[in-house]
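Residue numbers (my numbering), protein chains in the order written: chain F, 314 to 414; chain E, 86 to 194.
Think of the hints as simulated: they come from the structure by calculation, not from any bench.
Please note that a few of the clues may not be correct.
Claimed, not checked - With a Cα cut of at most 25 angstroms, we get these calculated DMTMM-like pairs of lysine to aspartate or glutamate:
{"hint": "1", "chain 1": "F", "residue 1": "K404", "chain 2": "F", "residue 2": "D390"}
{"hint": "2", "chain 1": "E", "residue 1": "K179", "chain 2": "F", "residue 2": "E379"}
{"hint": "3", "chain 1": "F", "residue 1": "K352", "chain 2": "E", "residue 2": "E186"}
{"hint": "4", "chain 1": "E", "residue 1": "K179", "chain 2": "F", "residue 2": "E364"}
{"hint": "5", "chain 1": "E", "residue 1": "K170", "chain 2": "E", "residue 2": "D160"}
{"hint": "6", "chain 1": "E", "residue 1": "K114", "chain 2": "F", "residue 2": "E364"}
{"hint": "7", "chain 1": "F", "residue 1": "K376", "chain 2": "E", "residue 2": "D154"}
{"hint": "8", "chain 1": "F", "residue 1": "K387", "chain 2": "E", "residue 2": "E162"}
{"hint": "9", "chain 1": "F", "residue 1": "K387", "chain 2": "E", "residue 2": "D143"}
{"hint": "10", "chain 1": "F", "residue 1": "K352", "chain 2": "E", "residue 2": "E99"}
{"hint": "11", "chain 1": "F", "residue 1": "K376", "chain 2": "E", "residue 2": "E186"}
{"hint": "12", "chain 1": "E", "residue 1": "K129", "chain 2": "F", "residue 2": "D390"}
{"hint": "13", "chain 1": "F", "residue 1": "K352", "chain 2": "E", "residue 2": "D96"}
{"hint": "14", "chain 1": "E", "residue 1": "K179", "chain 2": "E", "residue 2": "D140"}
{"hint": "15", "chain 1": "F", "residue 1": "K352", "chain 2": "E", "residue 2": "E106"}
{"hint": "16", "chain 1": "F", "residue 1": "K404", "chain 2": "E", "residue 2": "D154"}
{"hint": "17", "chain 1": "F", "residue 1": "K376", "chain 2": "E", "residue 2": "E99"}
{"hint": "18", "chain 1": "E", "residue 1": "K105", "chain 2": "F", "residue 2": "E379"}
{"hint": "19", "chain 1": "F", "residue 1": "K404", "chain 2": "E", "residue 2": "E162"}
{"hint": "20", "chain 1": "F", "residue 1": "K376", "chain 2": "E", "residue 2": "E106"}
{"hint": "21", "chain 1": "E", "residue 1": "K124", "chain 2": "F", "residue 2": "D383"}
{"hint": "22", "chain 1": "F", "residue 1": "K404", "chain 2": "E", "residue 2": "E106"}
{"hint": "23", "chain 1": "E", "residue 1": "K129", "chain 2": "E", "residue 2": "E99"}
{"hint": "24", "chain 1": "E", "residue 1": "K124", "chain 2": "F", "residue 2": "E344"}
{"hint": "25", "chain 1": "F", "residue 1": "K404", "chain 2": "E", "residue 2": "D177"}
{"hint": "26", "chain 1": "E", "residue 1": "K124", "chain 2": "F", "residue 2": "D390"}
{"hint": "27", "chain 1": "E", "residue 1": "K105", "chain 2": "E", "residue 2": "E186"}
{"hint": "28", "chain 1": "E", "residue 1": "K170", "chain 2": "E", "residue 2": "D154"}
{"hint": "29", "chain 1": "E", "residue 1": "K170", "chain 2": "F", "residue 2": "D390"}
What the hints assert, rightly or not - Sample of chain E residues lacking proximity to chain F, with all beta carbon distances greater than 10 angstroms (derived):
{"hint": "30", "residue": "T150"}
{"hint": "31", "residue": "R155"}
{"hint": "32", "residue": "R161"}
{"hint": "33", "residue": "A180"}
Stated by the list, open to error - Here are some, though not all, of the chain F residues that point toward chain E, as calculated from beta-carbon distances under 8 angstroms:
{"hint": "34", "residue": "M350"}
{"hint": "35", "residue": "E364"}
{"hint": "36", "residue": "I409"}
Since the structure is predicted, the reported quantities are computational estimates derived from the model, not experimental observations.
C-beta atoms are modelled at their ideal positions from N, C-alpha and C, and glycine is treated no differently.
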Amino acid sequence: MRTFIKYAIPVLVVYIVLLSGLFVAMLQPPEVFGRIMSKLPTVAYFLFPFEPMWLAARRGRLKVGEPAPDFSLKRTDGSQVVRLSSFRGQKPVVLIFGSHT
Amino acid sequence: MVYIEEAHPTDGWEMPSNFKEGVLIASAKTFLQRDEAAKSCVVKLGIHIPAVVDDMQDSTERAYTAWPDRLYIVDREGRVAFKSKAGPFGFDPKAMAARLESLVPSSTR
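Whenever a hint applies, use it, and build me the whole structure from the sequences.
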């Protein structure tokens, strides 16, 4: 029992420190988090509850029912700038965020 | 579609799937580079919906906590009617479609 405690406690402490570190990393801007993840061994995904931690870290402040932050962004064909608020009173807008990678 | 900063760029968190699918893109340093990546994505994936490109301050990504991918619906009053959980785990097109159906029944389209 004493040997178990002797090893279990340090292991637990290290685990919690690493877990907290990963969560703090998830709270960083995406490119910073990406750079950190690129240096971590793959085993890190399996060692920690990655998905629930990610969903919590990336919850975001915006809530359903709140005004959607407006934006004016260029279309890929360069033809025009799309302003989100220009659809107000017209029709709902689906926003699919992503990138090719 | 709102094209935001790359999820798995060659100079960042590159994945085996990037090699498998031959999607090797460095993180954009200029708007022109991001715009080029977006254009190529639209062509290669055959995307027919309007695609816009986030600015280099990532203003829209930050405002919506959108990286690496996420779904939203904004209703006619300009309010958030649907917000998926953070992608990739929370990227749920079925849930989004169901919410859209309640806002705009397909029978009325």
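Going through the hints against the structure:
1. K404(F) with D390(F): Since the Cα atoms of K404(F) and D390(F) sit roughly 23 angstroms apart, the hinted pair holds (cutoff 25 angstroms).
2. K179(E) with E379(F): Between K179(E) and E379(F) the Cα gap is close to 22 angstroms, so the pair holds against 25 angstroms.
3. K352(F) with E186(E): Roughly 43 angstroms between the alpha carbons, so the hint for K352(F) and E186(E) is violated.
4. K179(E) with E364(F): holds, 20 angstroms
5. K170(E) with D160(E): holds, 18 angstroms
6. K114(E) with E364(F): violated, 29 angstroms
7. K376(F) with D154(E): holds, 17 angstroms
8. K387(F) with E162(E): It holds: about 23 angstroms lies between the C-alpha atoms, which stays within 25 angstroms.
9. K387(F) with D143(E): holds, 13 angstroms
10. K352(F) with E99(E): holds, 10 angstroms
11. K376(F) with E186(E): holds, 20 angstroms
12. K129(E) with D390(F): holds, 15 angstroms
13. K352(F) with D96(E): It holds: about 11 angstroms lies between the C-alpha atoms, which stays within 25 angstroms.
14. K179(E) with D140(E): violated, 29 angstroms
15. K352(F) with E106(E): holds, 22 angstroms
16. K404(F) with D154(E): holds, 23 angstroms
17. K376(F) with E99(E): violated, 31 angstroms
18. K105(E) with E379(F): violated, 40 angstroms
19. K404(F) with E162(E): holds, 9 angstroms
20. K376(F) with E106(E): Violated, at about 35 angstroms.
21. K124(E) with D383(F): With Cα atoms ~23 angstroms apart, K124(E) and D383(F) stay inside 25 angstroms; holds.
22. K404(F) with E106(E): violated, 36 angstroms
23. K129(E) with E99(E): It holds: about 20 angstroms lies between the C-alpha atoms, which stays within 25 angstroms.
24. K124(E) with E344(F): holds, 21 angstroms
25. K404(F) with D177(E): Holds, at roughly 22 angstroms.
26. K124(E) with D390(F): It holds: about 7 angstroms lies between the C-alpha atoms, which stays within 25 angstroms.
27. K105(E) with E186(E): violated, 36 angstroms
28. K170(E) with D154(E): Holds - the C-alpha atoms of D154(E) and K170(E) are around 9 angstroms apart, at most 25 angstroms.
29. K170(E) with D390(F): With a Cα-Cα distance of about 29 angstroms, the restraint between K170(E) and D390(F) is violated, given a limit of 25 angstroms.
30. T150: Violated, because the least Cβ-Cβ distance between T150(E) and chain F comes to about 3 angstroms, which does not exceed 10 angstroms.
31. R155: violated, 5 angstroms
32. R161: violated, 6 angstroms
33. A180: holds, 12 angstroms
34. M350: holds, 4 angstroms
35. E364: holds, 5 angstroms
36. I409: Nearest chain E Cβ about 5 angstroms off; hint holds.
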